[in-house]
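Single-letter residue listing:
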Amino acid sequence: DAGITQSPRHKVTETGTPVTLRCHQTENHRYMYWYRQDPGHGLRLIHYSYGVKDTDKGEVSDGYSVSRSKTEDFLLTLESATSSQTSVYFCAISERDPGRTEAFFGQGTRLTVV
Amino acid sequence: GENVEQHPSTLSVQEGDSAVIKCTYSDSASNYFPWYKQELGKGPQLIIDIRSNVGEKKDQRIAVTLNKTAKHFSLHITETQPEDSAVYFCAASKGNNNDMRFGAGTRLTVKP
Numbered sequence: 001d002a003g004i005t006q007s008p009r010h011k012v013t014e015t016g017t018p019v020t021l022r023c024h025q026t027e028n029h030r031y032m033y034w035y036r037q038d039p040g041h042g043l044r045l046i047h048y049s050y051g052v053k054d055t056d057k058g059e060v061s062d063g064y065s066v067s068r069s070k071t072e073d074f075l076l077t078l079e080s081a082t083s084s085q086t087s088v089y090f091c092a093i094s095e096r097d098p099g100r101t102e103a104f105f106g107q108g109t110r111l112t113v114v
Numbered sequence: 115g116e117n118v119e120q121h122p123s124t125l126s127v128q129e130g131d132s133a134v135i136k137c138t139y140s141d142s143a144s145n146y147f148p149w150y151k152q153e154l155g156k157g158p159q160l161i162i163d164i165r166s167n168v169g170e171k172k173d174q175r176i177a178v179t180l181n182k183t184a185k186h187f188s189l190h191i192t193e194t195q196p197e198d199s200a201v202y203f204c205a206a207s208k209g210n211n212n213d214m215r216f217g218a219g220t221r222l223t224v225k226p
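As you go down the protein sequences, you meet chains A and B in turn. Position 85 of the first sequence, counting from 1, maps to 85 under the working numbering, and the rest follow consecutively. Position 12 of the second sequence, counting from 1, maps to 126 under the working numbering, and the rest follow consecutively.
For the record, the hints were derived by calculation from the structure and aren't laboratory data. As the structure is a computational prediction, the values presented were derived from the model and not from experiment. Wrong hints could be hidden among the right ones.
Straight-line C-alpha distance at most 35 Å; calculated DSBU-like pairs for lysine-lysine [claimed, not checked]: (1) A:70 x B:156; (2) A:57 x B:171; (3) B:151 x B:225; (4) A:70 x B:208; (5) A:11 x B:225; (6) B:151 x A:11.
Chain B on its own, in the form it takes in the complex (with noise of 0.2 Å):
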């Protein structure tokens, strides 16, 4: 089955740079390429999505890239802000009910 890799687990940064969290997958019939944001005492929330007929999809202060041929995709947060601090997954699907893999999170800290 998919095997999904992420990292790194931790990630400080400050206030104002980039962060970049990298996730891999296993499975080359993949096609669906969810992110998801949790904080503190609450469930994941989707914040950019992506599927494997696009490069690249970008929603304001977030993107997010896909590469195909090496089976990685990237979440990129630009200008981050400390609302920005939560653990993020990544997710890889091929589409069907129960195949939907995610990674094992990574925690976002963004100092003031």
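Pulled out of the complex, with its shape left as it was, chain A reads as follows (with noise of 0.2 Å):
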């Protein structure tokens, strides 16, 4: 397995607190995302970087900010978090670009909010 690293794995907060979701590689990829998956929707992308201070936002990124301080850490908050955030968070790294060539994902984070 890819060395990445979710954490934390379960959680459950409640509405209009903020959360910090971290993912971790050991794998030094260039490129880390973050998916949600919600039954009925796959995969979809909240925010992705692609080097340290890069990011860029994806296709359902409001509501959500990351930080990518060090080569190995993304973190991705939810300022304010809301009931429709509720959803299993998934991290991905790849060495290049995912839209060319296979991306490794983490094994999710469990958000609840109540």
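Two chains, each in its own frame: build the complex with the hints.
Here is the structure:
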């Protein structure tokens, strides 16, 4: 398995609270991604990073922010969690653009907003 | 933007039978089509991919076919085994950072 660690693996939080999810990689891959997975929608890209401090929005970025201060860490923050953000979140990494090559996924973080 | 539709949403087969999952895409500029397998409690894992300059690709019991004219591609699994039971996702991309689009997934169950 690719060296990707997501933390926490499970979290329950209250509406309106900030939440930060962490993705840590040991592969030194350039690209890192955050996806959310919901029934009937497959995986949808939230934000991605193509280098340290280089990030951009994905398909469903509203309500989320990210930061990448080191190659190995990519943080996803929900500034004020809402029930619609209850989902399973996956971090992915790739050596090159995943639109062209394999992306490796973490184990996922199940977030419940109550 | 790209839209990927995947059918069926659930598929049940007997061990040893073949399974076929189909996807259609909307953007004719898409040129990379990966398939991912997701086992319970795990992240998706690439099992096979195909690029637009190839019509078919095989890897042991797994094959993918691509019809660019009709804008659809399919995953074929032969001689299915219980360990093939999982959720399978197709995806399509034009090769840019943020344009990969996934299908909704197919839950495959292989009955012993």
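Each hint tested on the structure:
no. : hint          : result
1   : A:70 x B:156  : holds, 25 Å
2   : A:57 x B:171  : holds, 33 Å
3   : B:151 x B:225 : holds, 18 Å
4   : A:70 x B:208  : holds, 28 Å
5   : A:11 x B:225  : holds, 34 Å
6   : B:151 x A:11  : holds, 25 Å
Taken one by one, the earlier hints all hold for this structure without exception.
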